[in-house]
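Residue numbers (the numbering used here), protein chains in the order written: chain A, 1 to 114; chain B, 1001 to 1115.
Calculated from the structure, these hints are not laboratory results.
There could be a bad hint or two in this list.
[Stated by the list, open to error] If you want the footprint, here are the derived chain B segments under chain A, 3+ residues with CB under 8 Å:
hint, stretch
1, 1037-1048
2, 1103-1110
[What the hints assert, rightly or not] Not everything, but these chain A residues come out facing chain B in the computed CB check (under 8 Å):
hint, residue
3, G43
4, K49
5, F90
6, R94
7, F104
8, R106
9, G107
Only a predicted model underlies this, so the values are computations on that prediction, with no experimental measurement involved.
Beta carbons: idealized from backbone N, C-alpha and C, even for Gly.
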Amino acid sequence: AQSVAQPEDQVNVAEGNPLTVKCTYSVSGNPYLFWYVQYPNRGLQFLLKYITGDNLVKGSYGFEAEFNKSQTSFHLKKPSALVSDSALYFCAVRDSEGSYIPTFGRGTSLIVHP
Amino acid sequence: DAGVIQSPRHEVTEMGQEVTLRCKPISGHDYLFWYRQTMMRGLELLIYFNNNVPIDDSGMPEDRFSAKMPNASFSTLKIQPSEPRDSAVYFCASSPRDGSTDTQYFGPGTRLTVL
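Please construct the entire structure, taking both the sequences and the accompanying hints into account.
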């Protein structure tokens, strides 16, 4: 079985400060991990993914995520937040030994204050 | 490529009416997904298709909901009869056959309001 948790409903950060959006997962096999972003009144957009290889994954808009197997985490990070980063962020996981279909988290609302 | 296309973008209807939502996936994508998003439940997978065949509809809330994919370029999600609790944003997404990527491409959504 596969599951994903985003423990924070909302994250607030000041513009220019680093940001972290947390994600933890549970799988039977190896995890395939994804981050998506949803801007207001839009569909979800793919940001980045981890399939295998380097634990630090770089994605769109300056975002990156670090895969930590021992902590079963895949936190999304950005060194310097922009007001335009304010959006809803979804983590998703797919089990290499399970369904083709990923499971999405409930989403974390990121608010970047000027 | 125009991306995943959904219509209508907004739908307002009265309880008891039939509602049909439409989706055109990205050409060449073999997987199509229907999701529902609400504040209370977040993003829920309703049903998905592989090569036009429904694979898993366990997320469909009840018999009032049905989905079809008559060909590779078109899918519908129908609610009959509609109820106020069906009010939500419905997303269609498609994904290529390449299992190493698994990226889903989402449409802009249909915002459904049932009065």
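Is the coverage entry for the stretch 1103-1110 of chain B by chain A consistent with the three-residue Cβ rule at 8 Å? Result for this restraint: holds, n = 7.
Do the numbers back the hint for F104 of chain A, that is, is its least Cβ distance to chain B under 8 Å? holds, 5 Å
Satisfaction of the R94 of chain A interface hint, Cβ to chain B closer than 8 Å: holds, 6 Å
Hint check: is the beta carbon of G107 of chain A less than 8 Å from a beta carbon of chain B? Constraint on G107 of chain A satisfied, holds at 6 Å.
Taking 8 Å as the limit, does the beta-carbon of F90 of chain A come near enough to a beta-carbon in chain B? holds, 7 Å
Minimum beta-carbon distance criterion (8 Å), K49 of chain A to chain B: With a minimum Cβ separation of about 7 Å from chain B (threshold 8 Å), the hint on K49 of chain A holds.
Can we keep the R106 of chain A interface hint, with Cβ of chain B closer than 8 Å? holds, 4 Å
Report holds or violated for the interface hint on G43 of chain A, using the least CB-CB distance to chain B and a cut-off of 8 Å. holds, 3 Å
Go check the stretch 1037-1048 of chain B versus chain A for me, would you? Three or more residues, Cβ under 8 Å, otherwise it fails. holds (count 4)
Checked against the numbered hints above, the structure violates none of them.
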